[in-house]
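Trainee: First to last, the sequence lines map onto chains C and X.
In terms of the numbering used here, the first sequence is numbered consecutively and its last residue is 260.
In terms of the numbering used here, the second sequence is numbered consecutively and its last residue is 474.
It is possible that some hints are incorrect.
[As the list claims (entries may be wrong)] Derived lysine to aspartate or glutamate pairs resembling EDC-like cross-links, with alpha carbons at most 20 angstroms apart:
| # | chain 1 | residue 1 | chain 2 | residue 2 |
| --- | --- | --- | --- | --- |
| 1 | C | Lys114 | X | Glu463 |
| 2 | C | Lys110 | X | Glu307 |
| 3 | X | Lys428 | C | Asp112 |
| 4 | C | Lys76 | X | Glu196 |
| 5 | C | Lys118 | X | Glu127 |
| 6 | X | Lys471 | C | Glu255 |
| 7 | C | Lys197 | X | Glu420 |
| 8 | X | Lys150 | X | Asp220 |
| 9 | X | Lys471 | C | Glu256 |
| 10 | C | Lys118 | X | Glu196 |
| 11 | X | Lys426 | C | Asp112 |
| 12 | C | Lys118 | X | Glu463 |
| 13 | C | Lys232 | X | Glu386 |
| 14 | X | Lys426 | C | Glu208 |
| 15 | C | Lys110 | X | Glu196 |
| 16 | C | Lys114 | X | Glu196 |
| 17 | X | Lys471 | C | Asp112 |
| 18 | C | Lys258 | X | Glu196 |
| 19 | C | Lys114 | X | Asp470 |
| 20 | C | Lys110 | X | Glu427 |
| 21 | X | Lys469 | C | Asp112 |
| 22 | C | Lys114 | X | Glu420 |
| 23 | X | Lys322 | C | Asp112 |
I should point out that these hints are in silico values taken from the structure, not numbers from a laboratory.
The residues making up each chain are set out below.
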Amino acid sequence: MFTMGIDVGSASSKVVILKDGETIAAAEVVQIGTGSSGPKRALDQALSKTGLKMEDIAKTVATGYGRFAYEGADKQISEISCHAKGIYHLIPTTRTIIDIGGQDAKAIKLDAKGHVKQFYMNDKCAAGTGRFLDVMSRVLEISIEEMAEYSARAANPATVSSTCTVFAESEVISQLSKGIAKENIIAGVHQSVASKACALLYRAGVEEDIVMSGGVAKNQGVVDAISRELKKPVKVAPNPQTTGALGAALFAYEEAKRS
Amino acid sequence: MSELNLESMSAKQLLAYYSEKAYQDANEAHKNGKLICWSASVAPSEFCDAMDICTVYPENHAAAIGARKGSPALLELAEKKGYSIDCCSYARVNFGYLELLKEEALTGVTPQALADAPADRLPLPDLVITCNNLCNTLLKWYENLAAELHIPCIVIDVPFNHTVPMPQYAKDYVKSQFQYAIEQLEQICGRPFDYDKFLEVQKQAQRSVAAWDRVAKMTSYKPSPMNGFDFFNYMALIVCARSKKDSEIVFNKLADELEEKLKKGEYAFGDNEKFRFTWEGIACWPYLGHTFKSLRSLGVLLTGSGYPGMWSLHYTPGNMDEMAEAYASIYTNVALPEKVDAIGKVIEGGKCDGIAYHINRSCKIMSFLTVETADMVKEKTKVPFVTFDGDQTDPSNFSPAQFDTRVQALAEMMEQEAAEKDKKAQ
Ligand code: SF4
């Protein structure tokens, strides 16, 4: 039996097709989100990769910011529950999740059964999210993919103290004009994201294993900065952008079994 | 109005009638040269009522404007005047409104924005009365009103309760504040304080509060005949007509109707009451409909809220110690353990499965302690909670999609807890 999870985010669309609630048959990411062609493109990619048709999918669960806008789902489930489900499936020792996506960041506390015990999300502010990194990457003229490499080379990380993305942008510009090395500035940018994430983590309660997901988890510089701040190891979920869609596909599987 | 048959009207019709009447009476009183007072929402209303001063409530008024989506224009006016967006949006709406009233009074021409404001007219005040049992914003807000209009400002200063029960010296202090307010009123009115009427007013306030308590009890039934969002609608009267017969009539009518529904087995969500929750904090007035619908679609019924309960002020008429304690001990003015206790009781009373905390950009007093409060309440009650960001009257500080995600996650957590309980029971 095949089930599908679709995570319609603000900045990207993710689809996971799951075989028998176990094997990931497809996990596709398109870097545009709700309101765009992203969800359909991710869906088409996943179907063509598996050679399946929509009729072959027993159930679909939608999650993410655009979960209600996507029409083809049997059910909508919040991204909190879906991330928890997906990550626990991949790493059952997970007790704390930090998920940083394009527009929000969330800290989720799980119990030993993988149930959500508590969660906190950032308030509506781009600080500490993927959007913050996008802005900095543009100002620094360093692609998002290269940022981790740069920060790994930092000898003397700078401090980016402004919370507000706009203020931080001008702070970074002034550091650039003072001739501070981009490596050091980027390390400071990562540190800034990490400290916002850790504020959420501390509120939810930190317990190992700590697992990071979301698009920003692909940036090892941020992962390392969070680990440094917590003084604890931080694992990265495999294919970290698709854990929400995976959780949705797992819920879809449970639904399909029930009906 | 006299040909209206109040007996045959529903509670909802009565609410509309008396809410409108409160403003009509005030405008009429203003025209007839009677004194008008603007009052903070949990300042004691009994003193002005005893002196036949007509009182209106800017927080109430701002909430009504917010609920009818009229706040942005007034917030903008206040901002132009220099009020920071970090100030409470009730205050900002009121300062925006004040600008328009002043312009009208000075020019004789009604500004368009005033004519367009979707609320009953507030007459300009002759005095203001405030009390810091809720917050200190209310001090500066009312002092500012008084300074802008060159009118007297009566302040009932109450000490913060670090311990319970409230110590006698603190009660004595609040009583001295009452006494000073009485003296100020005597001066403003030019006649001695009417202690006989004061006692009558106190008695009426207690009857109204008893009727309000009757309503509050209705959400303790499971399933509940009452949708707790109605607290937010009906509370207008416990705020602005607390010491008037009007509120007693409406609340008793509502309680009668709900008791009738209960008897007939008619419940707020029919047979779709899946979960019950507590809304901690002020409503998001501009999004009242959205927040309600979002929760209803999840089968989540509001059955607890500490905010409307703040006006459940109990004392024996004539007993000033008790009156001082009632006004000084509302849950915004007590130490954290007592606040946690109060919220715990709300959860228990409403048989709630979860709680959502409104982190209100406007209201620091109701928000800054939330993280600690939430953890302590969770420890005590074990029910899951979420927090969401919002604002009671500034729509720009609320995101419907973010609200929906958080409450959906709460519903999922409640479902999980229920499934666990079922498993254990088997
Ligand atoms: S909303 Fe909060 S800050 Fe504003 S007046 Fe009420 S208690 Fe004070």
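Trainee: Tell me, in ascending order, the numbers of any earlier hints that this structure violates.
Mentor: Failing hints, ascending: 2, 4, 5, 8, 10, 13, 15, 16, 18, 22, 23.
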